[in-house]
Amino acid sequence: MMRRGKLGYLFIAPATFHLVVFAIFPMVFSIFLSFYKWNLLTSERSFNGLSNYVYAFKDPLFWNALWNSTKYAALSVPLGMIAGLAVALLVNQKLRGVTIFRTLFYIPAISSGVAISILWIYIYMPETGLINSVLGMLHINNKTDFLKNESLAMFALVFMSIWVGLGPKMVLFLSGLIGIPPSLYEAAELDGAGKFRSFWSVTLPMLIPTTFFVLITSTIGALQVFTPVYIMTQGGPNEKTDVVGYHIYVEAWSKFLIGIASAKSFVLLLVIVLVSILQFRILRNQLEGYSTT
Amino acid sequence: MVKRCYVVVAIMLGVLLAGCAGKGNRGEVTLHLSNWGGADDDPVYARKIDGLYRQFERENPGIRLEIESVPDEYVQKMILSFVAGTAPDVLSLDASSAGVFINNGVLQDLSPLAAGDPTFKASDYWANVLAIDQRGKALYAVPGDFTPLVLYYNKKLFDRAHVPYPSGVWTFQQFLEVARKLTLRDSSGRVIQYGYNFTNWMPGWIVWLWNNGGDVLTPDGGRAKGALDSPQNVASITFLRDLVLKEKVSPDLSQTAATGVDPFGNGQTAMEISGHWELTSFKTAPKLKLSDVGVAQAPTNLPKGRTVMYEVGFAIPKQARHPKESWKLIKYLTGHLYQQAYQQTGIAVCGRKDVANERATDPREQQFLNLVPTARGPWGAQVVGYDFVEQEGKKMMERVLAGTDPKQALSEMADRIDSYFKVR
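Top line first, the protein sequences correspond to chains A and S.
Under my numbering, residues 1 to 293 are what the first sequence spells out, in order.
Under my numbering, residues 1 to 424 are what the second sequence spells out, in order.
It should be emphasised that the hints constitute simulated quantities derived from the structure, not laboratory data.
What you are looking at is a predicted structure, and each value in this text was computed from that prediction instead of being measured.
Some clues are possibly wrong.
To be verified - Beta-carbon label-pair distances, calculated as ranges:
hint, chain 1, residue 1, chain 2, residue 2, range
1, A, F155, S, E412, 22 to 30 Å
2, S, R160, A, F155, 40 to 48 Å
3, A, I140, S, E412, 29 to 37 Å
Unchecked claim - Simulated pairs of lysine-lysine, BS3-like, Cα-Cα distance not exceeding 25 Å:
hint, chain 1, residue 1, chain 2, residue 2
4, A, K37, S, K353
5, A, K240, S, K137
6, S, K353, A, K240
7, A, K143, S, K248
8, S, K225, A, K58
9, S, K407, S, K422
10, S, K48, A, K143
11, A, K58, S, K422
12, S, K137, S, K353
13, S, K48, A, K37
14, S, K48, S, K353
No residue lacks a Cβ here, since even glycine has one placed at the ideal position from N, Cα and C.
Make a model of the complete structure from these sequences and hints.
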């Protein structure tokens, strides 16, 4: 028994090594950084107490970034989940070649985030972009510069995120759908339930554990969004897409305010933890009766 | 079975650790040279430069040269390499961000090395180019190449409109009149050719501030308030805005984005302000012959024109372990042989006067050299965090083009910069 136990540790050693070196150590180190004023390059660093945190809370641009992230998450998470579930339902049909569609929908998820962002810059371009070209063909105004328009830029990012996040959400919902025992549908049918009724009363409730997981992971992902903002809008126009992830990046790497950036990272961590706890609390009651293993 | 697993894990850890460990034969020095050369470099040229690196190794037995190319996030990666103690032996130093490294004291003062080397002559370089990386007598980098920003004009479009080419000092107003004449509309009033191509790129449009007597920061680089929000700058930014919105002699930014091509290279605009590197793209531009490109100085409201110049130098980090060998490499990279080969890329003007002058038979190149004395290094070579200032500049201009009053936008930008400088 002992030997078997030891062998287990060996198997998890590489992953643990990676986790400790590339995740836990940097996190602990940035806690330390968040209490200091230090630009990394000089040897002099001064203990700053809580003033980096005070600065963060007084910084209107940080609040703006938190608000933008909230907006982004509040839009992209539910819309992304609806789209993911819809596609999962479609590719769950017993059709020939359905696996091809499953693969196609998953491709964005395995593509480079930078490449996808550049692709979408072209899609959103005024006049010659994909969307505006189609609008032009239909003789509708085709001069909208989606990424430079203050009221549209955020929606443009959200719309793209739905497309990018479709694959992983689809796979999760699909596995949830496959896990629903066919006997439940048969029973519903015997009770006279139609397609919609059985979706409402069987499929949706049976998907609650999956939904719960997708909700929490995609909320965390949405609050951390960085790549598309960095590539496509740089937080613009007029800071309307300046999300927390990008805001912290600028603090650290354009302004070299490493301590302040670290403090803001921990505020973001706190927000994510609070939101996750809230989601847990709300959904916990729904989860009763499901085996969570 | 268990034993075999230990072996597997041991190998994996070994591989991981080997990646971190040092290497190199005893008695042999490996020099790391960092630059941002990307994979898209011209392969013929890349082979040639690689040959020159190998030649350096042959001329200096016992020295091996390794190139660290960091095409993206160069400054960030270099900062982290200093933190990790793995800074390169020779650092390519971009003037736009040189202040970060120089002001934080992580680079060696090269003046003792230069003083001890009879083959190094400061007179080989333009004094104001050398000054970019100097602090008093201390020298932190030897110039490799640089470019003043110039005004390019399309001679063909000027000829067609019967407008004389710009030469010497010309004012904003004269420029505007020329730009109006070069803006052509079809019968329906749609613009088919613009006089000027304005791009919202602060490292470029700063010449409009300087040439109206304004600046971004106070002379000591400590503050933006009192400099950036000056009436001169308000006038310059208003002038630029009007070029796009009121006079419509320049395409607006989304129009430029929409075409997806450089409108100047496409023969759709008659003038633009940019650096020497632009000539390489003109060579392959679809509707522009290089022989049709003229080089002039940017318009100015001052008695003498000014321009900005961007430079790349070679520096030695304080933590570098082989300063003597590093200096040898710098001497090689700034030497006649290497510079001559580098000059063929056409990206910039060579730091060495003698090599740069070899190309001066070309009137365009001569014009670049004429403008060197009027040029000044960027603020980024003097202050830390200027990258942030330039990002704010872009946002400020965006706001102005969207309707915000230039005075208000400049004042807000100055406030933001100063509140950053306070905690910097």
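Item to check | Unsatisfied constraints (hint numbers, rising) | outcome: Of the numbered hints given earlier, those the structure breaks are 4, 5, 6, 10 and 13, listed in rising order.
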